[in-house]
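2 protein chains.
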Amino acid sequence: METISENRSFGGTQGVYKHASSATGTDMTFGLFMPAEAADGPVPVLWYLSGLTCTHANAMEKAGAQSWAAEQGIAVIFPDTSPRGEGVPDDEAYDLGQGAGFYVDASEAPWSKHFKMWSYIAEDLPSVVAENFALDMDRQAITGHSMGGHGALTFAMALPGRFRSVSAFAPICHPTKSDWGRKQFAAYWGDEANWGPHDATLLMQGGGFDGPMLIDTGTDDQFFDLLGTHHLAAAMAEAKQEGQIRLQKGYDHSYYFVSTFMEDHIAFHAEALYA
Amino acid sequence: METISENRSFGGTQGVYKHASSATGTDMTFGLFMPAEAADGPVPVLWYLSGLTCTHANAMEKAGAQSWAAEQGIAVIFPDTSPRGEGVPDDEAYDLGQGAGFYVDASEAPWSKHFKMWSYIAEDLPSVVAENFALDMDRQAITGHSMGGHGALTFAMALPGRFRSVSAFAPICHPTKSDWGRKQFAAYWGDEANWGPHDATLLMQGGGFDGPMLIDTGTDDQFFDLLGTHHLAAAMAEAKQEGQIRLQKGYDHSYYFVSTFMEDHIAFHAEALYA
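Taken in order, these protein sequences are the chains called A and B.
According to my numbering, the first sequence holds residues 1 to 275 in order.
According to my numbering, the second sequence holds residues 1 to 275 in order.
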């Protein structure tokens with residue numbers, strides 16, 4: 001693992017690191033905020049999965065998470081959203097290929113060689129950070145924005161016992177019924193019969209999440225129709241899922257929306273992580 | 001004035017606007033955060049002047065000011081750092097020309113036609129925002145980062161009665177004795193005999209600021225020698241200037257440093273603005 005940069009931030013350290021990923025077969029870059037408390041021993045971890053077009057840097061720079069994570073003594077991991085670099089395939093569209101890994105393991109050419117973001121987030125990166133930093137991997141929570149909200153919800157439900165709490169900002173809730181989902185799943189997995197259970201609404205219908213869930217979506221989200229919030233809301237109610245979906249009046253899909261509610265989300269996760 | 005974008009943020013609105021500037025003779029873009037309280041009447045104003053290479057956007061996106069400005073009911077203006085666009089001269093160096101206006105009015109070719117950032121911030125932009133937004137122009141404060149800290153300090157001292165409080169993050173404190181200053185003043189004004197009193201240390205030696213002053217600079221600032229903090233510290237002490245210079249251990253010159261202390265700075269200005 002190589003250190004790209006480390007900056008003092010809110011009494012802790014905002015680092016950027018690079019490592020050779022066994023999952024993607026490429027170098028991968030991630031951001032990690034470590035609060036001051038890490039000097040005294042392992043701290044709880046919040047994963048933040050980013051949305052389409054983002055790298056590790058966008059949320060790290062714009063979401064305002066460090067302030068509240070420092071207050072709560074929680075580390076925050078900001079992974080990249082896809083493999084990148086020489087030999088990694090891409091597409092002209094913003095929503096396929098690099099920057100659009102969708103947190104799945106691709107089986108179809110040309111994507112199958114490197115696009116293994118499910119394995120990367122579920123297995124590879126946890127090993128790397130657990131080995132290199134003072135993190136309490138028994139106390140993990142996960143959140144994300146848009147495509148990353150889809151990621152957070154699906155990891156939380158598909159890996160029972162891993163995360164104590166899950167939240168999401170404007171998540172893609174039902175990708176198998178949305179143009180943000182069908183296009184990518186078809187490219188990465190081919191025929192619909194092969195699509196895995198990487199759909200928050202389907203996972204909710206199959207049992208839901210064993211812990212609290214918090215979802216915020218803006219009423220002026222410019223991608224509202226692509227998110228399918230009503231599908232997940234109905235599924236949560238039917239499953240009697242502990243949690244809430246909040247529709248935030250006047251907010252859109254931007255980091256101005258994410259940063260506004262970041263304090264709430266980190267306080268929500270802190271309650272579960274310190275329970 | 002044209003609206004470029006408006007995003008809901010912390011209960012208020014983060015807008016970006018464009019207007020034809022009489023000072024620079026170009027279109028100029030600025031960011032303006034208006035807190036929810038502006039719906040009920042004029043709110044106090046904090047000016048945030050950015051550093052070298054920045055546009056209006058950098059601090060607006062990365063400094064985390066909206067959270068605390070919303071809490072205090074204060075508007076924040078994020079001006080650009082220079083004129084831009086077709087016909088505006090530039091230099092290959094990052095620290096001269098576009099993105100490096102240094103908050104002065106140039107007298108030398110090729111800069112003199114458009115590089116009038118002193119007049120723009122002191123006269124032109126205040127008229128534009130006072131006319132178009134619910135701002136209480138009798139309650140203004142000013143801050144800035146690096147070159148923008150130099151700007152904040154010099155505007156505050158050269159325009160007595162305009163600002164109730166001034167603060168700065170890692171400001172250039174003594175530009176007439178620094179490579180961040182001498183190079184630009186020579187280009188914009190020619191011979192040193194023509195340099196105006198645009199130097200915070202010289203202004204402090206000439207009387208200082210009639211109000212409280214707060215300055216934060218990191219001990220690990222990679223540009224520490226260019227800032228000349230000790231010159232201003234000595235001048236403040238000699239002038240018995242109300243205020244403080246804080247050296248923050250381990251912090252560098254980045255927005256991670258700025259955002260860490262933004263809460264303190266906005267609380268400091270709120271105390272003066274609501275006194």
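Think of the hints as simulated: they come from the structure by calculation, not from any bench.
Even for Gly, the Cβ is constructed at its ideal location relative to N, Cα and C.
Watch out, some of these pointers could steer you wrong.
Stated by the list, open to error - Restricting the straight-line Cα-Cα distance to at most 25 Å, the calculated cross-link-like pairs of lysine-lysine (BS3-like) are:
#, chain 1, residue 1, chain 2, residue 2
1, A, Lys-183, A, Lys-240
2, A, Lys-183, A, Lys-62
3, B, Lys-240, A, Lys-62
4, B, Lys-62, A, Lys-18
5, A, Lys-62, A, Lys-177
6, B, Lys-177, A, Lys-249
7, B, Lys-62, A, Lys-62
8, B, Lys-113, B, Lys-18
9, A, Lys-249, A, Lys-183
10, B, Lys-113, B, Lys-62
11, A, Lys-113, A, Lys-183
12, B, Lys-249, B, Lys-183
13, B, Lys-183, A, Lys-62
14, B, Lys-240, B, Lys-177
15, B, Lys-62, B, Lys-249
Stated by the list, open to error - To spell it out: a stretch of chain A is covered by chain B in this simulated footprint if at least three of its residues, at any positions, have a beta carbon under 8 Å from a beta carbon of chain B; those stretches are:
#, stretch
16, 9-15
17, 179-188
18, 255-269
Within 25 Å, alpha carbon to alpha carbon, are Lys-177/B and Lys-249/A? Cα-Cα ~52 Å, so violated.
Pair hint outcome, Lys-62/B versus Lys-18/A [Cα-Cα no greater than 25 Å]: At roughly 23 Å apart (the allowed maximum being 25 Å), Lys-18/A and Lys-62/B satisfy the hint.
Restraint status (C-alpha distance of Lys-249/A to Lys-183/A at most 25 Å): 30 Å, violated
Just to be careful, I want the Cα atoms of Lys-240/B and Lys-177/B compared with a cutoff of 25 Å; is the pair within it? 22 Å, holds
Against chain B, does the stretch 255-269 of chain A show at least 3 residues with beta-carbon separation below 8 Å? holds (count 6)
Does the structure keep Lys-240/B and Lys-62/A at a Cα separation of 25 Å or less? 39 Å, violated
When I compare C-beta atoms, does the stretch 179-188 of chain A have three or more residues closer than 8 Å to chain B? violated (count 0)
Compare the distance between the alpha carbons of Lys-113/B and Lys-62/B with 25 Å, and conclude whether the hinted pair is satisfied. At roughly 32 Å apart (the allowed maximum being 25 Å), Lys-62/B and Lys-113/B break the hint.
Pair hint Lys-62/B and Lys-62/A, alpha-carbon separation not exceeding 25 Å: This hinted pair holds, its Cα atoms lying about 5 Å apart.
Next pair to validate is Lys-249/B with Lys-183/B; report whether the Cα-Cα distance is within 25 Å. Given pair Lys-249/B, Lys-183/B is violated - Cα atoms ~30 Å apart, limit 25 Å.
Verify this for me: three or more residues of the stretch 9-15 of chain A with a beta carbon less than 8 Å from a beta carbon of chain B. Contact hint for the stretch 9-15 of chain A vs chain B: holds, 4 residues under 8 Å.
Take a quick look at whether Lys-183/A and Lys-62/A sit within 25 Å of each other, Cα to Cα. It is violated: about 28 Å lies between the C-alpha atoms, which goes past 25 Å.
Going through the hint list in order, the structure does not satisfy hints 1, 2, 3, 5, 6, 9, 10, 12, 13 and 17.
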